[in-house]
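Engineer: Take these sequences, add in the hints, and give me the full structure.
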Amino acid sequence: MQTNKFLVFLLVIALVLSVVEVGYIINRLSKTAMTGFATADTGFVNITIETNVSVTATTDTIDFGSGYLEATKDYAILKTEDGTTVPTNWTNTSLYNPSDLVLENDGNTNITLNFSSDKAAAAFIGGNGPYFKYASANKDIGACLSGLVASYTDVVASTQWVCTNLGAGTDYDEVYVNISIKVPTGVTAEAKAATFTFTAAAA
Amino acid sequence: MKKFFIIVFFLFILLFSFSSVKATWVSGTMKITLDFIPDMEKTFVYSAGGPAGVYTAYVKGTLNESFILDQTTFFLKPGETIRLTAKLKLPQTLDPGIYGNFICFLQGEPTNGESGSAVVVRTESCAIVNIRSLYSEPKIEINLNAPNLNINEKKEFSINVNSWTEQDLDIRGSIKIKNSDGTVLKTLKTEEKKLLSGKTQILHSVFNAHDFSQGKYNASAVVFYTGGFEEDEKTFEIGALDFDILNFTKQFEADKINPFEIEIKSYWNNDVTVDAVVYLRINDSFVKFGETPPFDIKPLERKKITGYFDANGLRPINYDSKVVLYYEGKTTEKTATIVIIPKERIVEMPASTTILLAILIIIVLFLIFIVIFMMRKLQKQTVKTIRKKKKIKKKKS
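So the sequences go chain by chain: A and B.
Position 26 of the first sequence, counting from 1, maps to 26 under the numbering used here, and the rest follow consecutively.
Position 161 of the second sequence, counting from 1, maps to 161 under the numbering used here, and the rest follow consecutively.
The hints are simulated quantities; they were obtained by calculation from the structure and are not laboratory data.
Accuracy of the hints is not assured; some may be wrong.
[Stated by the list, open to error] Some but not every residue of chain A turned toward chain B, in silico, with C-beta under 8 Å: (1) Asn52; (2) Val53; (3) Ser54; (4) Thr56; (5) Ala57; (6) Asp60; (7) Ser158; (8) Thr164; (9) Phe196; (10) Thr197; (11) Ala200.
[Said to hold, decoys possible] For lysine-lysine, the following BS3-like pairs were computed, each having C-alpha atoms within a straight-line distance of at most 25 Å: (12) A:Lys139 x B:Lys89; (13) B:Lys31 x B:Lys89; (14) B:Lys303 x A:Lys139; (15) B:Lys298 x A:Lys139.
Where is the CB? At the ideal position from N, CA and C, for every residue including glycine.
Structural biologist: What follows is the structure, given as structure tokens:
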């Protein structure tokens, strides 16, 4: 019991000494201004946020698979919008599940988005009257503020618009690029290749 | 099954296939317009990046030869950022006009292994440097801003005026409000302002849509300056708190809850919340049978809204109906005949029938078993009888 009383006494002494010492140190600091001690009560932080133009093809694969034009037909139509739906006049010899391209503005400013293809329909598909068309559509509602190419338009071997003002917000910055092709008769049986280059610049 | 000629005369493989991410980015002053000064020199510094791979930097545009890049080919490691410097030196003379130039950072061509036989996607990000060369004679470019508004509302119409001349100009404007026939209904005057060489000014005027009815109008702006004028025209719409019911579902199945759809068009130039109710005439009074939840409609929006229609207890006949749209204390209604068709019935075998059928099958199987058993027994008896007869014959002999 006596030991406890002694310990409480020591504790109280220690607390009092601590408080006195803290007060003494604060008093000294206010007079001597040590290195790193702030002498003014206002601070400034400068930061420059640069404009960033950035574009990502989050879906960069369109795979129509392989197949052939039904022999009794003059042409077949394949669209990325088909999904798993069977295309017109076309027999697939592999899985048919094409998806639209998805382009995302992941910079911090609205952008113009266009593309150029290295081939138009004749060079890409060949045969008797092929077509190679594209259209653009919002993936996020209101992503493209102007200049969507809503109806299917011929892909030509020069620059074409996808969207003239694509938003930069996290929830409204993605657009689809849909592709539609017409495979006519007289097309050479071979793998077909074309290159799309998407260009982003500040709107 | 349709018979096809199995002649493979075309094999079409269209693969946009490659495994790496297709992305590029560029940071810095991404869009700038400079006024032409003979022999002017300027340096632009950008940061750029993308997934690991080969990249090309290049300049495209009408003055691309006036730019020099410090480096044009880059091999990026994962997460690496490069610094790209473009030095511009303008020529001594340049015809008036705007010259767009793009400093681009382009992903390299995918390798064959990456793409297979493919249509390949790649990306590039570009910074824009426009060079503007002003005319020595007076020249301006104008852009009218004529916003939509509602009846009895006032809104500011404005004209952006860009100077394309080396001269300072005094400018003033007027905006004529015309109906679809081209008749001038009102003329608005703007203030007069000084437009400095190469700068922009905005001229204002307030339009009051009091005394105007709902509909589409044209605003035709003219800006006068010393020695000439420039024109621009825009279409705008004056809204009224009103809706059209364009179409709605007119056929439902009896004795079930059906989906109900109604297509509406708003003539109001603000957001508004609406809901619709479907009534059928039963014994000379309209009784509610369906409704939609509240929907938010945007200014001048045309939209399909959906709800339900409860056709439980309704006889399959034609009914007089009305659809009422409620909004902001107002209503719009449309009448039509609604057809209730009989519910499609799926013929299900009653449970008692199923049990009876099962019992019948069991009985038949049991009978077949008895018949087989009896036949076998008969066969054995016949064999025994024959053997007995043979034995008796042997004994006799």
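Engineer: State for each hint whether it applies.
Structural biologist: Verification of the hints:
1. Interface restraint check: asparagine 52 of chain A against chain B, minimum CB-CB distance 5 Å, threshold 8 Å, status holds.
2. Evaluation of the valine 53 of chain A hint against chain B yields a held restraint, the C-beta minimum of about 5 Å falling below 8 Å.
3. Hint status for serine 54 of chain A: holds, given a least beta-carbon distance of 3 Å to chain B, under 8 Å.
4. Annotation: threonine 56 of chain A was flagged as interfacial toward chain B, and the flag holds, the nearest CB pair being 4 Å apart, inside 8 Å.
5. About 4 Å separates the beta-carbon of alanine 57 of chain A from the nearest beta-carbon of chain B, less than 8 Å, and the hint is met.
6. Nearest Cβ of chain B to the Cβ of aspartate 60 of chain A: about 4 Å, under the 8 Å cut. The hint holds.
7. The beta carbon of serine 158 of chain A comes no nearer than 12 Å to any beta carbon in chain B, farther than 8 Å, and the hint placing it at the interface is violated.
8. With its C-beta approaching chain B no nearer than about 14 Å, threonine 164 of chain A sits outside the 8 Å limit, and its interface hint is violated.
9. Because the beta carbon of phenylalanine 196 of chain A sits about 5 Å from the nearest beta carbon in chain B, less than 8 Å, this interface hint is met.
10. Annotation: interface hint on threonine 197 of chain A holds; nearest CB of chain B at approximately 5 Å, less than 8 Å.
11. With a least beta-carbon distance of about 5 Å to chain B, the hint placing alanine 200 of chain A at the interface is held under the 8 Å criterion.
12. For a cut-off of 25 Å, the pair hint linking lysine 139 of chain A to lysine 89 of chain B is broken: about 42 Å separates their Cα positions.
13. Under the criterion of a C-alpha separation no larger than 25 Å, the hint pairing lysine 31 of chain B with lysine 89 of chain B is consistent with the structure, at around 18 Å.
14. Proposed proximity of lysine 303 of chain B and lysine 139 of chain A is supported: the alpha carbons are some 19 Å apart, at most 25 Å.
15. Between lysine 298 of chain B and lysine 139 of chain A the alpha-carbon distance is near 20 Å, which keeps this suggested pair within the 25 Å criterion.
In this structure, the earlier hints numbered 7, 8 and 12 are contradicted, and the remaining ones agree with it.
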